[in-house]
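Undergrad: Listed here are the chains, written in short residue letters.
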Amino acid sequence: MTAVVARSTATVVLVGNPNVGKSTLFNHLTRARQRVVNAPGTTVSLAHGTWHTPAHELTLVDLPGTYSLAARSPDEQVAADAVNARHHEVALVVLDATALSRSLYLLAQVAVADQPVVAALTMLDLAKARGVAPDVDALAVALGVPVIPVHGRSGAGADDLAAAVDAAIVSAPRVRGIDPHEHSDCLSDRLACAEHLFEWVHGVIDKAQPLAPPLPTLSDRLDRVLLTPWAGIPIFLAVVWGVFQLTTVVATPLMDAVATFVTGPVARGLNGALDAVSAPQWLISLMADGVLAGVGTVLSFVPLMAIMFAAVGVLEGSGYLARVAVVADRAMRALGLDGRAMLPLIVGFGCNVPALAATAVLPHARQRLLTGLLVPLTTCTARLAIYLMIAHAFFGSQAGTVVFAMYVLSIALVVVWGLIARGVVMRGERPGPLVIALPDYQPPHLRTLGHAVWSRLSSFVTKAGTVILIAVVILWAAQAVPVRGGHSLADVPVKDSVYGAVALAAAPALEPMGVDDWRISAALISGVAAKEVVIGALAQSYALDGNDEASLGEQLRATVDETSGGHGGAAAFALMVFCLSYLPCLATLAEQRRLFGWRWSALAASAQLLGAYALAVTVFQVGRLL
Amino acid sequence: MLLTALRPGASARVRSVSAESDAVLRLREMGLHNGVTIRLDLIAAGGARIVTVGSARLAVDRATAALIDLDLA
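Top line first, the protein sequences correspond to chains A and B.
Under my numbering, read the first sequence as residues 856 to 1481, first letter to last.
Under my numbering, read the second sequence as residues 415 to 487, first letter to last.
One should not assume that every hint holds.
As the list claims (entries may be wrong) - Label pairs and their computed distance ranges (CB to CB):
(1) Gly449(B) to Ala1260(A): 50 to 58 Å
(2) Gly423(B) to Ala1189(A): 28 to 36 Å
(3) Asn939(A) to Gly423(B): 37 to 45 Å
(4) Ala1093(A) to Ala424(B): 26 to 34 Å
(5) His1057(A) to Leu416(B): 18 to 26 Å
(6) Gly423(B) to Pro1089(A): 23 to 31 Å
(7) Ala424(B) to Leu1073(A): 17 to 25 Å
(8) Ala419(B) to Ala926(A): 31 to 39 Å
(9) Leu486(B) to Val1025(A): 48 to 56 Å
(10) Ala419(B) to Ala1189(A): 23 to 31 Å
(11) Ala926(A) to Leu416(B): 23 to 31 Å
(12) Gly423(B) to Glu1037(A): 40 to 48 Å
If you are wondering where the hints come from, they were derived from the structure by calculation, not from laboratory data.
Since the model is a prediction, treat every value here as computed from it, not as a measurement.
Think of the CB as a built atom: it goes at the ideal place given N, C-alpha and C, for glycine as much as any other residue.
Start from the sequences and build out the full structure, keeping to the hints where you can.
TA: And the structure:
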């Protein structure tokens, strides 16, 4: 008879410095059995996975990469709290063979927290190329805990690691030479504690690593080009330009193809099916113009987001992001941000939604939040279409200069809002010194990249997608429900709908900026759904007036000249300024909520709306005097 | 001499770091502690110093590099 032995459960935390191959190892050990959750009360993501070892079904928790358990950021605090909470049986500490001293310091801190430890040694091939590979057996003897060489990409060593962790759950091995009771100074005097731990680290290094200086590698030679002022900055800008192109030129036809598919064959199929069951007109409208339009909006973002997530993954996995932090450091430091913040802020000029996704390149939660709050102020290409229409209608040959001014204003708003928001988000924290490790360049690992793209894309579709869908259906309802004129549901002119009534009620609020007209307020409300529809909404409203002889620009100009009391230019410029920053589109709001929560996204949107209103009113009131 | 005065290719030993204790701690955690020998590999865009410490390479921004006092090795 064969006995079926149930695996017992246990929890293991994965601890390591940034860029040591920790997440690659996590992906290999847990494969698709993963879920990403925010650490309680924070916006810091934690990946949980299930790892089947011979004796256990383990919950493996991939903690944020950290150099120290003396935390300085929310991410590091989450890692430190998780280690100190001891809700796990074993701490699996990932040691980077190319930076052993730094890795061992973190391992020493885990040992001070009195944890059973197993060490996974990564980057051994790179350490061999540098001539600094440690003697694994000597290292294990010096540490007194299992040291298992692993190759996160190929999975070599994973079986040995599983066996070592199984054994450690039973034997609870402690690190040799560190007595937690002798390091009480770690709480009171962190510098003295660090000195003691480094003495221990040097003792281990002396026993396990060759003394020879590291040999130069291809990474060193690449850095002699990629980090220099004459080539580093142009190459960085070229990389950002490449990402920008990917999210605009490459993604746009894919997004259009998805949208065409949804509004074409899928919509026809849906309409046909609903007709076949004699569904009422309002239900057909709800399904086609509400639900399907919402689903189509979400799906059309999928290729764009997949491209952005893949680009972020390649930049992260290749080691180039650490160089970006160096090259762009001085430019971003004034805002209290890491140089890597330059990437999402530039991508935002293409589309804000993938730009928010690109905040993942930043190592600290508060920096991700601050950058994410600034992204909607970067003027995306959808807003460009609005500027062009208004500028051509009002400023003729000066239209190009006026549109350029909007881009300058967008950059100025990022800087001004950044300086204001820094005080709130960073809570007085000054940017610390930039001291970062430069990992060796590596080709991206396709399986890890695929995991990362899939995980982030799933999160976007399920979390941000739900919000977008609900919002689009609400917008449909507002346009479908009549408030006057005796129309039936879903068969109502815009002006007679709830949407039209809200636009009519909102129009007087636009009077101080010289554009109090219901068609303009309706278009601005539509712009919250997507900036792309502002012009369409204006065209739809003007079409109701039946004036087909004048162009949309001419009709808008006639309206604004009247509402502004003859100061059409000032009012038009004020309207453009308002469009630049009044509210992000739904997809941006949904992605902000997914990443940072309702509180921050609502606070930022309210502040933006008030700021845009004040600025637009000022522009009109000053402009009319000139 | 300060790290900002070191020429690319030269090695030196860290004598002291004149920074707030938190910054000193972070530098120590990254391997830049008193007595360790470092080599300046290059000066990057923006003035950051790229140094080899042990077997690892670090980037240190210019302002921080100006706080690191060295003895020529």
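Undergrad: Hint by hint, say whether it matches the structure.
TA: To see whether the hints hold, each was checked on the structure:
1. Gly449(B) to Ala1260(A): 50 to 58 Å: Since Gly449(B) and Ala1260(A) have Cβ atoms about 56 Å apart, the given range 50 to 58 Å holds.
2. Gly423(B) to Ala1189(A): 28 to 36 Å: Roughly 32 Å apart at Cβ, these two residues keep to the hinted range, so it holds.
3. Asn939(A) to Gly423(B): 37 to 45 Å: holds, 43 Å
4. Ala1093(A) to Ala424(B): 26 to 34 Å: holds, 32 Å
5. His1057(A) to Leu416(B): 18 to 26 Å: The hint (18 to 26 Å, Cβ to Cβ) holds, given that His1057(A) and Leu416(B) are roughly 25 Å apart.
6. Gly423(B) to Pro1089(A): 23 to 31 Å: holds, 25 Å
7. Ala424(B) to Leu1073(A): 17 to 25 Å: holds, 23 Å
8. Ala419(B) to Ala926(A): 31 to 39 Å: Taking Cβ atoms as reference, Ala419(B) and Ala926(A) lie about 34 Å apart, which means the hint holds.
9. Leu486(B) to Val1025(A): 48 to 56 Å: For Val1025(A) against Leu486(B), whose Cβ atoms are near 53 Å apart, the range 48 to 56 Å holds.
10. Ala419(B) to Ala1189(A): 23 to 31 Å: Hint holds: Cβ distance 26 Å, inside 23 to 31 Å.
11. Ala926(A) to Leu416(B): 23 to 31 Å: Given range 23 to 31 Å: holds, Cβ gap about 29 Å.
12. Gly423(B) to Glu1037(A): 40 to 48 Å: holds, 42 Å
Comparing the model with each earlier hint shows no violations; every hint is respected.
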